[in-house]
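J.: Below are the chains, spelled out letter by letter.
2 protein chains.
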Amino acid sequence: MPRHERVSLSVIRRLPRYYRFLGDLVKNGVTRISSRELSLRMGLTASQIRQDLNCFGGFGQQGYGYNTSLLREKIGAILGIDSGNPTIIIGAGNIGRAIALNMDFSNMGFNLIGIFDISKEIIGTEIRGLEILDIAELESFCEENHPRVAVLTLPREAAPQVVERLVKLGIEGFWNFSHYDFSVKYPNVVIENVHLGDSLMTLSYLVKNNDKKENS
Amino acid sequence: MPRHERVSLSVIRRLPRYYRFLGDLVKNGVTRISSRELSLRMGLTASQIRQDLNCFGGFGQQGYGYNTSLLREKIGAILGIDSGNPTIIIGAGNIGRAIALNMDFSNMGFNLIGIFDISKEIIGTEIRGLEILDIAELESFCEENHPRVAVLTLPREAAPQVVERLVKLGIEGFWNFSHYDFSVKYPNVVIENVHLGDSLMTLSYLVKNNDKKENS
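Chains as they are written, first to last, in this note's numbering: chain A, -13 to 202; chain B, -13 to 202.
A few of these clues could be false.
Identical copies look the same in the list; a pair holds intra-copy or inter-copy alike.
Think about it this way: if two alpha-carbon atoms lie no more than 30 angstroms apart in a straight line, the pair counts; the simulated DSS-like pairs of lysine-lysine are [to be verified]:
| id | residue 1 | residue 2 |
| --- | --- | --- |
| 1 | K194 | K154 |
| 2 | K154 | K106 |
| 3 | K60 | K194 |
| 4 | K106 | K194 |
| 5 | K194 | K171 |
Don't read these hints as lab results, they were simulated from the structure.
The task is simple: from the sequences and hints, build the whole structure.
T.: Right, dumping it as C-alpha cells:
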C-alpha cells in the first residue's frame, strides 16, 4: 500500500462518501464506472475524483474506469473499516442510546464493548445487549479491556473531568458529541467533533436565503 | 443589511462555529476580541476570519477588534436563528426521539410543531409535549399548520415516498438523516444532509493513521 501520510483532511472526509456511493452502485449491479459518471452522481468534478484517488495510488484504468466493488474494498481498507477498535460510549442519555442502537459500528472500524453512565436509574439496564456500567468502574474496565476509542455523549459540563480520565487510561480516539473542545489540551489524541447544532443553523440560513423557489 | 447572495457554502458553514465560540466568550465575560485572538482559539487564520465576516459587511473596528456580543447577535441574525420556521419530525425512532429531545430548535431558527411515525405502538404517545401523529395524517396536518421544514429520521427505504408527499405539501427545507439523496430530483428545496457514518469512518481513518503518539 502506498504511503499517504500527507493526505489532507478534506480528501479524507470525502472517502466515506465515495465508500457510500460505491456501495450503492455495487448494490444496484453497476460493476464499473468512469470518473466522469461518478463525478456527476456525486456532484464533484471528474478531475477532483482522480486527484483524490491518486493520493492513495490511483485504482483506475485508462479507458475502463473504476471497478466499483474493488475500489469500494480498497477505500474501505484505507478507512480501516475492519479495524474493530475496542470502543466505549460515555453517556447513555437520548443521544448515546440512539448512537448505540443505530450506528453500524462493526462495519465502520469499531467494536462496541462498553457503555457508561452516572445515573443510578439506568445503570444495570441493557442497550444492544451491553449492560450500562457505572462511570465509577471506568478505570477497572479500561485496565481489563483496553478500549481505544470513546464516544462522548455526555453533557458538556461533565466532559472535561471524564476526558482527563480517558486520556490517562490510554484512549486514543474520540467521537465527540459533547461540544467540549479539547484538541489544544490533548494534542496526542485524535478527535472527530460532531456539532449537530451547526448543521441545524446552516439549514436555518439556507431556508432563509432560499431563492430557488422564485427562480423555478 | 448588505446583500450576500453569493456567499459560498464553506463560509456559511463556518458561521455557526463563530456563533458558538462567541457565545462561549460572552459567557466568560470577554467583551471584545481581535481577529488574531479569535483565530488562535478557532484554529483559523486571522485573515480568513476577516474575509469571512467581510462577506456580510465587516463588523470589526481597526485597532479595537470585535465586540463579542454584538458580533454574535449579528451572526445570529444572518443565520436566521429567530426565524421560528414551523418544523415537523418524520420518524420517532431512536434518532428522531433523541433529536426531538436534545436539539434546541427554538434558539436555532425552528419551531417544532409535529412528530410523525408509522408505528401504531408509539402513535399517540408524547415526546417533549408533542403527541406522535400517524403519518397518514400528514396531509391534513400540513394543510392546517403549514410546516416549512421537515427533519427526516425515518429509514432510507421509506424516504422517497414520504419526501415526495412533503415536497408537494410545500416543505422547503429538509434536515436529512435518512441517507436518501434527493437533491437532483427536487432542485427547489434546500437539504442539509447529516451522515453520522461518514464522521465515524473518518474517525476510523484518523485512529488508524494517528502518528501523534509516536512523535510525542
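J.: Does each hint hold? Answer for all of them.
T.: The hints, checked one at a time:
no.	hint	verdict
1	K194 - K154	between (45 angstroms within a copy, 20 angstroms between copies)
2	K154 - K106	within (25 angstroms within a copy, 47 angstroms between copies)
3	K60 - K194	between (41 angstroms within a copy, 15 angstroms between copies)
4	K106 - K194	neither (44 angstroms within a copy, 35 angstroms between copies)
5	K194 - K171	between (37 angstroms within a copy, 21 angstroms between copies)
Hint 4 alone, counting from the list given before, is not met by this structure.
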